[in-house]
Amino acid sequence: MASLGALLEGIASLAVILDARETFIAIPSGLALVQYTFRLDPIACYFNLALAVVTLAISIYSFGYLDGFAPQKPLGVFCFFYALLLISLTVVFTAANALLFLIAWEMMAVAAYFLVSFDHEKTENRRAGLLFLVMSHVGTGALILAFLLLGTWAGGFDFATFHLARHSLTPLRQGTLFLLFFFGFGVKAGMVPVHIWLPAAHPAAPSNVSALMSAIVIKTGIYGIIRVSFDFLETPPLWAGLLVLFAGIASAILGVLYALIEPDLKRMLAYSTIENAGIILMALGATLVFQSYGRPMLAGVALIACLFHIFNHAVFKALLFLSAGAVVHATGTRNMERMGGLIRPMPLTALCFLIGAIAISGLPPLNGFVSEWLAYQALLGGFGSTPSLTRMVFPVAGSLLALTGALAAACFVRAFGIGFLALPRSSQATQAHEVHVSMLAGMGFLAALCAGLGLGANLLLPIFDPLTVALLGVQMSGNLTMAGGIALSSGSPRGGTVAPAALAGLLVLLSLLAGVLLATWWRRGRRVQGPTWDCGLPGLTEYNEYTATAFSKPLRMIFAVLYQPRREILAEFEVSAYYPTSVRFETEVDPAFETHLYSPLKDWIIARANWLRTMQTGSIHAYLAYIFVTLILLLLFGVRS
Amino acid sequence: MTEMLVKSGVQLVLLLLVAPLISGIVKTLKARLQTRRGPDVFQPYRDLFKLMRKGMVIPDTASWIFSVTPYIVFATATLVGLMIPMTATDAPLSLFGGVLAVVYLLALGRFFLALAGLDTGSSFGGLGSSREMTISAIAEPAMMLAIFTVALGANSTNLSEMAQAAVSQSWKFLEPSQMLAFAALFVVLIAETGRIPVDNQATHLELTMIHEAMILEYSGPYLALIELGAWIKQLVLMTLLVNTFFPFGLSSDWTVAGLGMGLVVYLGKLLGLACFIVMVETTNAKMRLFRVPELLAVAFILGALALISTFLF
Numbered sequence: 001m002a003s004l005g006a007l008l009e010g011i012a013s014l015a016v017i018l019d020a021r022e023t024f025i026a027i028p029s030g031l032a033l034v035q036y037t038f039r040l041d042p043i044a045c046y047f048n049l050a051l052a053v054v055t056l057a058i059s060i061y062s063f064g065y066l067d068g069f070a071p072q073k074p075l076g077v078f079c080f081f082y083a084l085l086l087i088s089l090t091v092v093f094t095a096a097n098a099l100l101f102l103i104a105w106e107m108m109a110v111a112a113y114f115l116v117s118f119d120h121e122k123t124e125n126r127r128a129g130l131l132f133l134v135m136s137h138v139g140t141g142a143l144i145l146a147f148l149l150l151g152t153w154a155g156g157f158d159f160a161t162f163h164l165a166r167h168s169l170t171p172l173r174q175g176t177l178f179l180l181f182f183f184g185f186g187v188k189a190g191m192v193p194v195h196i197w198l199p200a201a202h203p204a205a206p207s208n209v210s211a212l213m214s215a216i217v218i219k220t221g222i223y224g225i226i227r228v229s230f231d232f233l234e235t236p237p238l239w240a241g242l243l244v245l246f247a248g249i250a251s252a253i254l255g256v257l258y259a260l261i262e263p264d265l266k267r268m269l270a271y272s273t274i275e276n277a278g279i280i281l282m283a284l285g286a287t288l289v290f291q292s293y294g295r296p297m298l299a300g301v302a303l304i305a306c307l308f309h310i311f312n313h314a315v316f317k318a319l320l321f322l323s324a325g326a327v328v329h330a331t332g333t334r335n336m337e338r339m340g341g342l343i344r345p346m347p348l349t350a351l352c353f354l355i356g357a358i359a360i361s362g363l364p365p366l367n368g369f370v371s372e373w374l375a376y377q378a379l380l381g382g383f384g385s386t387p388s389l390t391r392m393v394f395p396v397a398g399s400l401l402a403l404t405g406a407l408a409a410a411c412f413v414r415a416f417g418i419g420f421l422a423l424p425r426s427s428q429a430t431q432a433h434e435v436h437v438s439m440l441a442g443m444g445f446l447a448a449l450c451a452g453l454g455l456g457a458n459l460l461l462p463i464f465d466p467l468t469v470a471l472l473g474v475q476m477s478g479n480l481t482m483a484g485g486i487a488l489s490s491g492s493p494r495g496g497t498v499a500p501a502a503l504a505g506l507l508v509l510l511s512l513l514a515g516v517l518l519a520t521w522w523r524r525g526r527r528v529q530g531p532t533w534d535c536g537l538p539g540l541t542e543y544n545e546y547t548a549t550a551f552s553k554p555l556r557m558i559f560a561v562l563y564q565p566r567r568e569i570l571a572e573f574e575v576s577a578y579y580p581t582s583v584r585f586e587t588e589v590d591p592a593f594e595t596h597l598y599s600p601l602k603d604w605i606i607a608r609a610n611w612l613r614t615m616q617t618g619s620i621h622a623y624l625a626y627i628f629v630t631l632i633l634l635l636l637f638g639v640r641s
Numbered sequence: 001m002t003e004m005l006v007k008s009g010v011q012l013v014l015l016l017l018v019a020p021l022i023s024g025i026v027k028t029l030k031a032r033l034q035t036r037r038g039p040d041v042f043q044p045y046r047d048l049f050k051l052m053r054k055g056m057v058i059p060d061t062a063s064w065i066f067s068v069t070p071y072i073v074f075a076t077a078t079l080v081g082l083m084i085p086m087t088a089t090d091a092p093l094s095l096f097g098g099v100l101a102v103v104y105l106l107a108l109g110r111f112f113l114a115l116a117g118l119d120t121g122s123s124f125g126g127l128g129s130s131r132e133m134t135i136s137a138i139a140e141p142a143m144m145l146a147i148f149t150v151a152l153g154a155n156s157t158n159l160s161e162m163a164q165a166a167v168s169q170s171w172k173f174l175e176p177s178q179m180l181a182f183a184a185l186f187v188v189l190i191a192e193t194g195r196i197p198v199d200n201q202a203t204h205l206e207l208t209m210i211h212e213a214m215i216l217e218y219s220g221p222y223l224a225l226i227e228l229g230a231w232i233k234q235l236v237l238m239t240l241l242v243n244t245f246f247p248f249g250l251s252s253d254w255t256v257a258g259l260g261m262g263l264v265v266y267l268g269k270l271l272g273l274a275c276f277i278v279m280v281e282t283t284n285a286k287m288r289l290f291r292v293p294e295l296l297a298v299a300f301i302l303g304a305l306a307l308i309s310t311f312l313f
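First to last, the sequence lines map onto chains A and B. Residue numbers for the first sequence follow my numbering, beginning at 1 and rising by one. Residue numbers for the second sequence follow my numbering, beginning at 1 and rising by one.
Treat the hints with care, as some may be off.
[Stated by the list, open to error] Among the chain A residues that face chain B by a calculated CB cut under 8 Å, a handful are: (1) 133; (2) 362; (3) 487; (4) 528.
[As the list claims (entries may be wrong)] Facing chain A, according to a computed beta carbon distance under 8 Å, are these residues of chain B, among others: (5) 7; (6) 60; (7) 75; (8) 104; (9) 111; (10) 118; (11) 122; (12) 138; (13) 141; (14) 144; (15) 156; (16) 221; (17) 225; (18) 248; (19) 252; (20) 301.
It should be emphasised that the hints constitute simulated quantities derived from the structure, not laboratory data. Each residue gets a CB set at the ideal place from its N, CA and C atoms; glycine is no exception.
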């Protein structure tokens, strides 16, 4: 146990050291060339800062969380891979050489694989780990190809070389590279349709790992896309920006729609990660489009929306995964339908989850609202300043962002309402207890950060200056604050303003006003406890409660085209069909991407592999013949050239 | 600072006074149109006072969410009310948030209301929450498109700026983009305030209610706060509609004379809109829940057309 404690402390201090180092060099200093091929430029530092903040919270949380695994599981192994993942993430963000980057990228995938399948006794988890590894390598394959092409064309594998050589690339080559990079990084970012590993891998991993993966590992993909489009290539053409924008819209809408019908709490959060990756990609796509139209100020607003949402999502998604982990820890189930009433035994966990839910739904005054507000402003500005049909894209994207936000709110009302409120729905939920204090500390830190990032958003804007200067060459913070820094503005002189801190203060003030109103008028009244109306049946039980499945039923019917729901009702009766003795109800949603895209693809690959198997006779003579033929061919090739 | 406080105070009083009145007017007009006598226009005030003095029953199963929700619903609605121009073009708190903040603050109130519906453990509450979140989700894109159209005309999402722009330009309601945006926002108004054909405020029939189902377990002062919040929200949405599309009589300063004049015109405009709402409510039957998305899809199309026509015409 002592060694366990020491190991964990090591991790925590590692996090703190990481933290200290980054905040020390980090954002204001700008480009500081550390020896060898690590580069701590503003973008790298920004992502590392997010990593450090989230890691700090997760590591504190892990003290209590890992105790639950202690006797049966090899925690040393866990800690090793956890530390490896952290190191490789840091290297991925700071590497300034393609080869180093790819090595770190692979290390990250492998470490994450071992962490995902940590609970390897369950077949489901092993399969999830494998799926993650396969998808990750499909992406890496595209990246290796892209880096090799770029390295050949640019004449070197340093990022600096790429940057210098970017003007000499033909548009065709630029386009090819962009597509390859976008696909490769998109897999990691959880972009639709290459997202399928995400809802499998996130729930399978221990919750602290899910939090780290959802908060940071996903962002390595976004980091890659940003790095490629601003650093390696010239200003990408219009179609590239639109492609990113559309991929973002698709991911956001589909992600949240799948999240809405998911009864598994952690899997729901995984789908919501896809949604948020979509929002980030939307803002990034808008940035690229504005760049290609030569609108640096608008691009600046969109870029800040994108970067701010990256950080915000890291914070609130980590918070939500950690709270979900606490709930799973206390109840032993991930199924929302078997939770319920947890706000009484676990009040603090519930509060943390609620704060995360409000933030992720983009509701004021927390941080999610601020980044979505900036995204709206950028999209709105896009309509007025882009020519022809392109301009229609922005308001439509804006309205779909509104749809996403509203659906996310519905999704998190469902998660919190069904999971934490009303009566417990199972015996495990009844026996739940509040979790260890270190877990609460980790969650509390992130919850406070959600509030701080929202309320203090206008004070944090200068942090983005080095980033926008490095990527776009514009300084934004001066334009984005108004009225002595109280309000956040949309960048144009009369565009629009918002002041989250003032809104929060006024909400409190007005609630107090309502309290005073109540106190003065409410003289005679008494406040009594009473039973909830149960339609005259004998007492309210958990069977009367609305379920998560029922909650999302209207949306399941409205979006039936997408879900293709299938249901089966089996009623047994003796006298009349109106008095069934037992009813069995089954409902299922068609996993569209798995059945229509991946299954045919998998079958095709297996068929081709079988076809190739004819070569593998198993006879040593045949293999010798292959080697001989290859040698001859290579010699011929060598002689000719 | 003091100026802002005074303005906020005036508008707050106005909000608290006018919101129940409008609700009463709609109820009375509706009754008359259906050849009933109905309550007089001041009935909502009496209801409020009555509820305020009653005791209340808190369900055993409910947590603190249930008790916090009435305050949040009231506070968000009132705050939003202070951010929109009512009688003068510059709203007291428009610096703190424009039309996007209005939409999202109302969403915050709804978020908690839906949680409170689930908190009681009754199946009615869950049913109401589920439907409310569904309908608001599919109303959102239409609302955002219509708002975008209007904001583009004024080149701002700041409500005071938008009102200023509307007043300074010649009245352009007859332009296709404006009319289409008005139609889209009107459908959204019907859906958001729980009126026929989307929902029916007057019903407590188990299977059809939406908003009423969520607040079924509330009683006494908490119910009063929620009702007042709902009335203010309705007033806010109606104000948004009349002042954006019919910007007459908006006073440009906060003098007593200007405000008085503005108030008269404002009440007149609200009355007109109320009549229109009553007409719609009386001549339509409530829709099946699953027909509502079609209605809102129409609103979305109207919003999209409004946007397209801003650069076609």
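Evaluated hints:
1. 133: violated, 36 Å
2. 362: The hint holds - residue 362 of chain A has a Cβ within 8 Å of chain B, the shortest such distance being about 7 Å.
3. 487: holds, 6 Å
4. 528: holds, 6 Å
5. 7: violated, 13 Å
6. 60: Since chain A brings a Cβ to about 6 Å from residue 60 of chain B, closer than 8 Å, the hint holds.
7. 75: holds, 4 Å
8. 104: holds, 5 Å
9. 111: holds, 6 Å
10. 118: holds, 3 Å
11. 122: The hint holds - residue 122 of chain B has a Cβ within 8 Å of chain A, the shortest such distance being about 5 Å.
12. 138: At 7 Å from the nearest chain A Cβ, residue 138 of chain B passes the 8 Å test, so the hint holds.
13. 141: holds, 4 Å
14. 144: This interface hint holds because 4 Å falls under the 8 Å limit.
15. 156: holds, 5 Å
16. 221: holds, 5 Å
17. 225: With a closest approach of 6 Å, the residue 225 of chain B hint holds.
18. 248: Status violated, d = 23 Å.
19. 252: Not OK, violated: residue 252 of chain B not within 8 Å of chain A, min 16 Å.
20. 301: violated, 12 Å
In the structure shown, a violation is registered for the earlier hints numbered 1, 5, 18, 19, 20, in ascending order.
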